[in-house]
Every structure is written in structure tokens, then in C-alpha cells.
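*Asks:* Every letter in the sequence shown is one number past the one before it in numbering that gives the first Met the number 0, and letter 160, counting from 1, is 159.
Hints are not guaranteed to be accurate.
[Stated by the list, open to error] The calculated EDC-like cross-link candidates involving lysine to aspartate or glutamate, where the alpha carbons are at most 16 Å apart (straight line), are:
| # | residue 1 | residue 2 |
| --- | --- | --- |
| 1 | LYS2 | ASP197 |
| 2 | LYS2 | GLU98 |
| 3 | LYS265 | ASP442 |
| 4 | LYS316 | ASP281 |
| 5 | LYS316 | ASP278 |
| 6 | LYS2 | GLU29 |
| 7 | LYS316 | ASP277 |
| 8 | LYS316 | GLU441 |
| 9 | LYS352 | ASP504 |
| 10 | LYS2 | ASP45 |
| 11 | LYS219 | ASP277 |
| 12 | LYS219 | ASP278 |
| 13 | LYS461 | GLU399 |
| 14 | LYS265 | ASP285 |
| 15 | LYS461 | ASP277 |
| 16 | LYS485 | GLU362 |
| 17 | LYS461 | GLU498 |
| 18 | LYS316 | GLU334 |
| 19 | LYS485 | GLU498 |
| 20 | LYS352 | ASP372 |
| 21 | LYS461 | GLU474 |
| 22 | LYS219 | GLU399 |
| 23 | LYS352 | GLU369 |
| 24 | LYS316 | ASP333 |
| 25 | LYS265 | GLU441 |
| 26 | LYS346 | GLU448 |
| 27 | LYS2 | GLU74 |
| 28 | LYS316 | ASP285 |
No wet-lab data here; the hints were simulated from the structure.
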Amino acid sequence: MIKLRLTPYAADTGWSWNGSRYTTADLSSEVTPYAHPMVEQLAVSDGHRTLLVVRERVAGRPPCTPAPRAVSPSEYDTLRCLTEQWPTDYVLVETTPQEPVRVTAGACRTTPLYLAHDDTSLHGSWDMADLRAHITGLNSREVARLLIYRPRYSSDTPFRGIHRLTERATAHYGGHLVLRYPAPALHSGPRELAPDADVLAAFVATMDDAMDLRPLDPAKTVFHLTGGFDSGTLATRAAERFPGQLNTSALLIGGPGRAQQIRRRKEMRAAVPFAARDDLIDAMRDTPLHPDCDRVRGALISPYEEPLHYPFTRMTKILAAAGAHTVVTGLCGDEMVALSQEEYPHKAMGDLKDVHLLPWIGEHAAAALEFSDDGIAPPAVVNSMSLLSLETTAPVLLREGIWPVHPFADPDMVQLGEWLPMDWRELKQLQRRRLTALGLSEDVTHPAERESFAEVVQHALKTHGRPLFARMLHEGSPLFDHGLVKPDGLRKAVRRLSEGTYREDGDAQLLQVIDLHLATRAYL
Numbered sequence: 000m001i002k003l004r005l006t007p008y009a010a011d012t013g014w015s016w017n018g019s020r021y022t023t024a025d026l027s028s029e030v031t032p033y034a035h036p037m038v039e040q041l042a043v044s045d046g047h048r049t050l051l052v053v054r055e056r057v058a059g060r061p062p063c064t065p066a067p068r069a070v071s072p073s074e075y076d077t078l079r080c081l082t083e084q085w086p087t088d089y090v091l092v093e094t095t096p097q098e099p100v101r102v103t104a105g106a107c108r109t110t111p112l113y114l115a116h117d118d119t120s121l122h123g124s125w126d127m128a129d130l131r132a133h134i135t136g137l138n139s140r141e142v143a144r145l146l147i148y149r150p151r152y153s154s155d156t157p158f159r160g161i162h163r164l165t166e167r168a169t170a171h172y173g174g175h176l177v178l179r180y181p182a183p184a185l186h187s188g189p190r191e192l193a194p195d196a197d198v199l200a201a202f203v204a205t206m207d208d209a210m211d212l213r214p215l216d217p218a219k220t221v222f223h224l225t226g227g228f229d230s231g232t233l234a235t236r237a238a239e240r241f242p243g244q245l246n247t248s249a250l251l252i253g254g255p256g257r258a259q260q261i262r263r264r265k266e267m268r269a270a271v272p273f274a275a276r277d278d279l280i281d282a283m284r285d286t287p288l289h290p291d292c293d294r295v296r297g298a299l300i301s302p303y304e305e306p307l308h309y310p311f312t313r314m315t316k317i318l319a320a321a322g323a324h325t326v327v328t329g330l331c332g333d334e335m336v337a338l339s340q341e342e343y344p345h346k347a348m349g350d351l352k353d354v355h356l357l358p359w360i361g362e363h364a365a366a367a368l369e370f371s372d373d374g375i376a377p378p379a380v381v382n383s384m385s386l387l388s389l390e391t392t393a394p395v396l397l398r399e400g401i402w403p404v405h406p407f408a409d410p411d412m413v414q415l416g417e418w419l420p421m422d423w424r425e426l427k428q429l430q431r432r433r434l435t436a437l438g439l440s441e442d443v444t445h446p447a448e449r450e451s452f453a454e455v456v457q458h459a460l461k462t463h464g465r466p467l468f469a470r471m472l473h474e475g476s477p478l479f480d481h482g483l484v485k486p487d488g489l490r491k492a493v494r495r496l497s498e499g500t501y502r503e504d505g506d507a508q509l510l511q512v513i514d515l516h517l518a519t520r521a522y523l
């Protein structure tokens, strides 16, 4: 939601607003907010300190006047304190003459903020490509995490010289960059329900609150209605409240779940009155790794961006062309009702015991994985896996002028999930029962087939992926040069992919290999 260049210790630190960005009088610093109806900006100064705020708007309040205004020192302190209580996404920039600059991120992150610096200035952007010039090499630990699908929320990125500003963290820059993590966020566990507890009513009220928090314009808002439980519960509830006004969209999957996905979406759209427009992209046709994909064509696409980059980008462009400026998703619904290890012992993503299933993992990657949990951020207000997933979608949407909204990542939704007993969270009983209450059939509430993008990934790897791997093995890769991927192991895996039976657990990770290769080639 922000791009910035901040130069500390500058002689003239007076800030002004020119209609699109804040700049200092000597032009040594600038802050450019993302221009969108869902975003606002403000600036205050007490004559010594300046506070710039870029934040997601909340409903019921007119947009802030962006021009800097003068306040007293005590008013400044009060405003600084109040900004950290803002209920949606925000970024704070603080400057003081002859002192380091500070940048702080809010707890409800919707967009990423990557930081880098040179000898004089701190640079930041939601688009990693803007910081390419500051890269000094590869971060083996983070690359290794991504190679085995072991995501960790931290200030690390795959590129040395580029850092992530995590939720509630503060970056201090005065010639050297110091990133300070916040105190761990406190969370609670399941509670015993009162005898007269109406869980579904509480769920509906919390969904309403999460969506009403933002000034959504139904005419310009599209709901990603995948046919799954999470997007289904949100979209059908919104359509109840705004009958006939909400358009929908989705990526169609492949495999045995495809026909079921189409049926379930059709039933959901018929159960409550949606608008007529329903944009669908067939991900088996507009598949990841398609030759026309920006990532494949060498564009500066971050390794964190949407793995299904081509179909997701295609859909986003269609929505933008139709006039949409906000998209509501069902992301983070899994995390809201997730079971703990105590409730349901299960293997974590990227279990180190499974590295032997990935014969292409290089020696340096294997060594780095011994430290894969080092340097991670403390527990976040919103689940850290949720925050990482939101980072994948934001850049694609923002490039097309669309703001993302994820109600399941709202802190009140997160807290409701924490408080619910296990029998309401297990197998997504909360969402299933809500859809049942709408009168939807068992085809919707208890589908027989699994619906996932597994077949899309398999198809992409076996078609467009094979020539990309052949080229990678022939021309080389920074991943080979840094000992992160073994060419012989990768060659063996690709050969088996072509000749043998596809294994979802062990072969699907090859998509990450090619995405990382394409990113490192483009960025380095």
C-alpha cells in the first residue's frame, strides 16, 4: 500500500503533498501511497517530528485530508498512539531532523512491504521488483524453506539486501537498517459454550462486522466464489445483504473435482441472488507456466507471488476491465478453524523428515534447513501462514488497480475461531453448518470429491514445465550455482515426471523449483 524513499539526517525535512505523494522540500525523501478509494493518507507535524500514515479506510468516515497539518506536541503523541489502534492495514512513517527514520507496519497486513537500503536512503515497496538494484545475492535459508514448502514468517526474503517488514515490526534506518520484531501477540484457546449459545448467529454477525468495517461498494466489488466452504460462506452471506448486486469470479480446477466445483458454484449462486456477471478462467487451459505468463517471459515476478500466476493474472485483468476495484476472497478460512497439534497431531508443512523425497535439494539448501526456524517473527495477531498467503495475491491485484479484502483474516474472526470448541472447527463444521442453514444440498456441504489445484499443477508441470526444466538444465541456474538445487537430482525427478506416475507429494514441489529459478534469473 506504500512505496517510499527516506533519507535521514537531511537538512530540510519539511513535508508537502502534491496530490499523489509526499515529498520533502529538498526532495531527498518521498512517500507514495497506493492510489485507491479503499486507501487514505494523512500527515501531521509538531514542528519537529512528522508522522505520515497510509492506511486502509474504514466505513462510516470520510477520507482524510492528505495535506500535512500542524499539531501540538501533545496532540502529536495522542495521534501517534491512536494510529496503532487502527483496525485495518496501515503503515506509519516517522521522521525527525538529525535522527534515524522509522517505518512501522500494522497488525492486519493486506499487502507486503519490502525494504532495502543504500548508503544514504531507505527504500520500500509493495512490489519487490522496485528493489532489484539492492540485491547482493541469495538468502540460502529462505530459498531452502521455499524449496521444501516450509514457509516461515520473518524478515527474510530469498534475496540478500531485500527484507520483509512483518506485522507490528518497526524498521529503523540511520545509515544501517535495524528491524525490530514486536512482542508476541497473545492468543486464547477453545471455550465451553453457554447452553443457549447460537454459534451460527455469532459467525454471521462476525462476518458482517468484518465486511462492514470497510467501505465496500457493491457495484465495484467482486467476490472470489471458488465453490469451497470459505468463499462460499462469505459470498452467500454478502449476497443475502446486497441482493442482485454482487458479481463473482473463480478459477476452474481440473480432475474429478471439476464437475463438482461447477455444480456447487451454480447451486450457491442460485440459493441467494447474485448479480448476473460471473467471470470464470479455466486454469487447465490458461495454466501456470504458460508461455505467455509474465513469470515465464522473464518479468520481475517475486517468488512469493501467486503460484497460479498466469490464470490468476488473467482473471484479475478481466475483473479490472469490467470496472471492479475491490475483490473479496475466502483466504484464511482454513486457519480460522484449524486444529492444534494437541487436538489433532499432524505433520507440519515441509517436514524436514521428508526432504529425502526431493532428490534435487542441494547441499547448501540441506545445511540451511537446519536453521529454518531461526530468525522467525513472534506469534502474530493474524496467523502467520495467513499473512504469507495474503502476500501472494496482493501484488497481482494491486498492479491492476484492485484492492484485496480477506474477511477471514479479520482479528475478530480469528478470535471467534480460537474460542470455538473442536467439534465446530473439525472438518470445517462451522462453514458446513452455515451452508446447510441456507438450504444447500449435501453436494455443497459434504462434497464427495476433493477440489484442489493439484491436477492443474500436474498438468502445468507435465506440459509447459518440461521444456522449462530442459532449458534450466541446459543453460544453468543460480540455484545450481549456489548449491541449492542439484542438477542431477532435478534431472532424475524431471525424467520420472515424464515417464513415471505423478506423485503429488514429492512432484508438486517442482513448481516451486521452476518459479524460484525464473525469479532468480530475472532478479539476478
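*Asks:* Now, for every hint given, state plainly whether the structure supports it.
*Replies:* Results of checking the hints against the structure:
For the hint linking LYS2 to ASP197, the alpha-carbon distance of about 45 Å lies beyond 16 Å, and the restraint is violated. For the suggested pair LYS2 and GLU98, the alpha carbons sit about 21 Å apart, so the restraint of at most 16 Å is broken. Distance hint between LYS265 and ASP442 is fulfilled; the C-alpha atoms sit about 11 Å from each other, no more than 16 Å. About 14 Å separates the Cα atoms of LYS316 and ASP281, which keeps this hinted pair within 16 Å; it holds.
Distance hint between LYS316 and ASP278 is fulfilled; the C-alpha atoms sit about 11 Å from each other, no more than 16 Å. The hinted pair formed by LYS2 and GLU29 meets the criterion: a straight-line CA distance of about 8 Å does not exceed 16 Å. At roughly 14 Å between alpha-carbon atoms, LYS316 and ASP277 fall within 16 Å of each other, so this suggested pair holds. As the CA atoms of LYS316 and GLU441 are separated by approximately 34 Å, the hinted pair breaks the 16 Å bound.
Of the supplied pair hints, the one linking LYS352 and ASP504 holds, its CA atoms being roughly 13 Å apart against a limit of 16 Å. Between LYS2 and ASP45 the alpha-carbon distance is near 24 Å, which puts this suggested pair outside the 16 Å criterion. Proximity of LYS219 to ASP277 is assessed by CA-CA distance (about 13 Å); at most 16 Å being required, the pair is judged to hold. About 14 Å separates the Cα atoms of LYS219 and ASP278, which keeps this hinted pair within 16 Å; it holds.
Distance check on the hinted pair: LYS461 and GLU399 sit about 30 Å apart at the alpha-carbon level, beyond 16 Å; violated. Proposed proximity of LYS265 and ASP285 is contradicted: the alpha carbons are some 22 Å apart, above 16 Å. Of the pairs offered as hints, the one joining LYS461 and ASP277 is violated, with about 30 Å between alpha carbons and a cut-off of 16 Å exceeded. Straight-line distance between C-alpha atoms of LYS485 and GLU362 comes to about 8 Å, which keeps the hinted pair within the 16 Å bound.
About 10 Å separates the Cα atoms of LYS461 and GLU498, which keeps this hinted pair within 16 Å; it holds. As the CA atoms of LYS316 and GLU334 are separated by approximately 28 Å, the hinted pair breaks the 16 Å bound. Among the hinted pairs, LYS485 with GLU498 is inconsistent with the structure: their alpha-carbon atoms are about 20 Å apart, more than 16 Å. Straight-line distance between C-alpha atoms of LYS352 and ASP372 comes to about 15 Å, which keeps the hinted pair within the 16 Å bound.
For a cut-off of 16 Å, the pair hint linking LYS461 to GLU474 is broken: about 20 Å separates their Cα positions. Using a Cα cut-off of 16 Å, the hinted pair LYS219 and GLU399 holds, with the two alpha carbons roughly 14 Å apart. For the suggested pair LYS352 and GLU369, the alpha carbons sit about 12 Å apart, so the restraint of at most 16 Å is met. A hinted pair counts as satisfied when its Cα atoms are at most 16 Å apart, and LYS316 with ASP333 does not qualify at roughly 27 Å.
Simply put, LYS265 and GLU441 have alpha-carbon atoms about 14 Å apart, close enough for the 16 Å limit, and the pair holds. Proposed proximity of LYS346 and GLU448 is contradicted: the alpha carbons are some 23 Å apart, above 16 Å. Proximity of LYS2 to GLU74 is assessed by CA-CA distance (about 27 Å); at most 16 Å being required, the pair is judged violated. Only pairs whose Cα atoms come within 16 Å are accepted, and LYS316 paired with ASP285 is accepted, the gap being roughly 13 Å.
When held up to the earlier numbered hints, the structure conflicts with 1, 2, 8, 10, 13, 14, 15, 18, 19, 21, 24, 26, 27 and fits the remainder.
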